[in-house]
Amino acid sequence: MSAAFASSRTNGSEVVKELAFFAVIALLMSVMLLGVETVDRPTGLELAVRWDLVLIAIGATVIGRLGLIFRRENISRLGQAVLITLSAVAVFEMFVRFRELDDRWVSPVVLDMAFGSVVSTIVGIAFVAIIFATAYFTMKDKTAADVDESAKLSSKIQLAYRSNTKKIGLIGIIFFIIFPFIFGEDRSAIDLATLVMIYIMLGWGLNIVVGLAGLLDLGYVAFYAVGAYSYALLSQNFDLSFWLCLPLAGIFAASFGIILGFPVLRLRGDYLAIVTLGFGEIIRVVLINWYDLTGGPDGISSIERPSFFGMADFSRRVPDGAIGFNELFGMEYSSMHRLIFLYYLILVLALVTNFVTLRLRKLPIGRAWEALREDEIACRSLGINPTNTKLSAFAIGAMFGGFAGAFFATRQGFISPESFTFLESAVILAIVVLGGMGSQIGVVLAAIVMIGFPEMFRELAEYRMLIFGAGIVAIMLWRPRGLLSFRDPTILLNMSQKEKVAGEVK
Amino acid sequence: MTDNKLLEVEHLTMRFGGLVAIDDLSFNANKREITAIIGPNGAGKTTVFNCLTGFYVPTEGRLTLHADDGPRLLERTEGFRIPRNKGVARTFQNIRLFTGMTVLENLIVAQHNRLMEASAFSLAGLFNLGKYAKAEKEAVEKAEFWLEKVGLYAQADWNAGNLPYGSQRRLEIARAMCTDPSLLCLDEPAAGLNPRESAELNVLLQSIRDDQGVGCLLIEHDMSVVMQISDHVIVLDYGKKIADGNPEAVKNDPAVIRAYLGEEEDDELPPEVAADLHLDPKAQ
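Chains A and B supply the protein sequences, listed in that same order. Numbering of the first sequence is given in our numbering, commencing with residue 1 and proceeding in unit increments. Numbering of the second sequence is given in our numbering, commencing with residue 1001 and proceeding in unit increments.
If you're looking for bench data, these hints aren't it; they were derived computationally from the structure. Check each hint, because a few of them may be wrong.
[Stated by the list, open to error] List time: in silico BS3-like cross-link candidates among lysine-lysine, alpha-carbon distance up to 25 Å:
1) Lys500/A <-> Lys1149/B
2) Lys500/A <-> Lys1142/B
3) Lys1134/B <-> Lys362/A
4) Lys166/A <-> Lys498/A
5) Lys1131/B <-> Lys500/A
6) Lys156/A <-> Lys498/A
7) Lys362/A <-> Lys498/A
8) Lys1131/B <-> Lys1086/B
9) Lys156/A <-> Lys166/A
10) Lys152/A <-> Lys167/A
11) Lys1134/B <-> Lys1031/B
12) Lys362/A <-> Lys152/A
13) Lys1086/B <-> Lys1137/B
14) Lys1086/B <-> Lys1134/B
15) Lys500/A <-> Lys166/A
16) Lys362/A <-> Lys1031/B
17) Lys1031/B <-> Lys1086/B
18) Lys1086/B <-> Lys1149/B
19) Lys156/A <-> Lys167/A
20) Lys1031/B <-> Lys1131/B
21) Lys1137/B <-> Lys498/A
22) Lys1251/B <-> Lys362/A
23) Lys362/A <-> Lys17/A
24) Lys1131/B <-> Lys1142/B
25) Lys1086/B <-> Lys1251/B
26) Lys1131/B <-> Lys362/A
27) Lys1137/B <-> Lys166/A
Keep in mind the model is a prediction, meaning the values are calculated, not measured.
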């Protein structure tokens, strides 16, 4: 088969044509993005042209494409590995120049960098070697046996994951519980973990609406906002404690879920998404403009921090009549105590969300949600009330969003409408979709990928967004239905979970 | 025989804009009987079902279900309430299973309302209180009964979408029966089945009638099914009833033959046109 393939596309003119085509594409794409730059001169803004970048971009594309042609036609292993490595080095050179260099026609920076110090030489050689080795060893005549082998491996992994979901979940929970003991002194690690945990909780909450009931909700952040403002306003105006406001915030958010649910009951798919998006924006616009109540764009500041279940306080200077957390347990005062307490609080809230969702899935209401997602008409013919079923999904999803919002308000101590933009909804929805609709562990992975990684690699500046984008594209290519998109049955009659999965992956 | 009436359809008319899909249709279906509705394509059969099961609100007419607890007016009941409390269950012409869920789950979803009550709208269920656990066990038992009955016990944990076509048809019937209906409406249950499968279907439907005591309303084009198992046949054409009686009588009814096979050309043409045609030999 590869011979027939090769003969049709390896004659010289075809290859030249293909390379020219990619060179033109590279030129079109790079000329505006890389080739032109605005420079602030004393005479005003001027356009500077950077042909070096455009040339390198075109060069990298052509060399890389030639390498791919070699690879496709199984020509020369060594040749294609060299070409792909060259192309990767050229791309690297392009980025370094783009960021660091204003002078145009100097010798390649890559060389300067590679021989700058021993460390950079080693790093450089390692970089080249890795790309070379990857390119060299992944090119192989794929036989049917190989394909079979890799399919077998992936089904083995799937089988192992799906028949041990509970254990994997348990390991995850234990990891998150001991996390503060490992990173106890690292303020930024705890902060980041708390942030990720908020998104995990929001993802799990939205998973009820999107993953189980199949209602595409683009305005989930509205409920998050309702929860946050409920707590902030109740605490400031009525002096209620966090522990009393938490359930109230959930109830308020749930009622907003029902209010949103009613008008959109008849809508589905795209139409539902647009209306929920509108609802999210309405809440935000109301928060901005209702100055008397919400403080408008100024937001609400100095929101009360949570106490240790009303028994002790975390502040350095404890108010009269209260005792400090450190006094209660006879420890030195540390500002980390509050952070770790907040971390455990959101961990518990998130786990409650998770367990309630897992339990609801096995109850008639959860099965009705899934049935509604599959076929609404069949549900009606079986006596399921679609209105109530949809509203309950909206309300319960919104309630968990409200809890997360109240937590967000007490953690930040300051909220403003800026925290509740459409982008937040999009991120939460992306977490659910990337994780695999309906998969609880998938949401955790996706939240770490979406929130954790960009924060962790903040030093890499712009590159992290580039890598992030590449990661999303990779997920779309290889796991278009989400990282872990498997549905586990809620009840089995005469098979074990393992047998069921084994039957499915085959 | 009046006390044996299960469903009474009186002067049912359904108009979609200018189109009259059903025109002043009246018929009865009896308890413990299979009533077949037949007719050429577009005769309005499925529309009758959609009116009965609350998907359409009839333009005119009265639909009375004589359930055990007294008569119910179906045209005034909200669609999703019709199947409740021994009401009307149905299957669909194009199968509508929950394909991503397992066979067993399909049958348990059908018992939603009873389970929902037992779980106290999820509160008792959340903590798995005794009453809910018992109700769920009963639901599984009922599902098992029907799985045995339709011969799908071994496939109980398969995803419904992976079943072969004939099994999907049987599963849809089992699912409808899990709602405990007093009237079962079957929309072309034998469509796409091979002769052996349709013979099995006959046995299943007869058992539903005789053992469960459920009345069936059947839309079917497969005459081997209709003639063998139905007690009573109603023929529709262009939304009107053209025949009503036992299978033998209906089979020989000239109006029915005309509806299915058409008339001799001469009879159909207006006399003056026919006369013209006879004058002009080329037109013949």
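Report task. Of all the hints given earlier, name the ones this structure violates by number, lowest first. Result -> 5, 11, 12, 16, 20, 22, 23, 25
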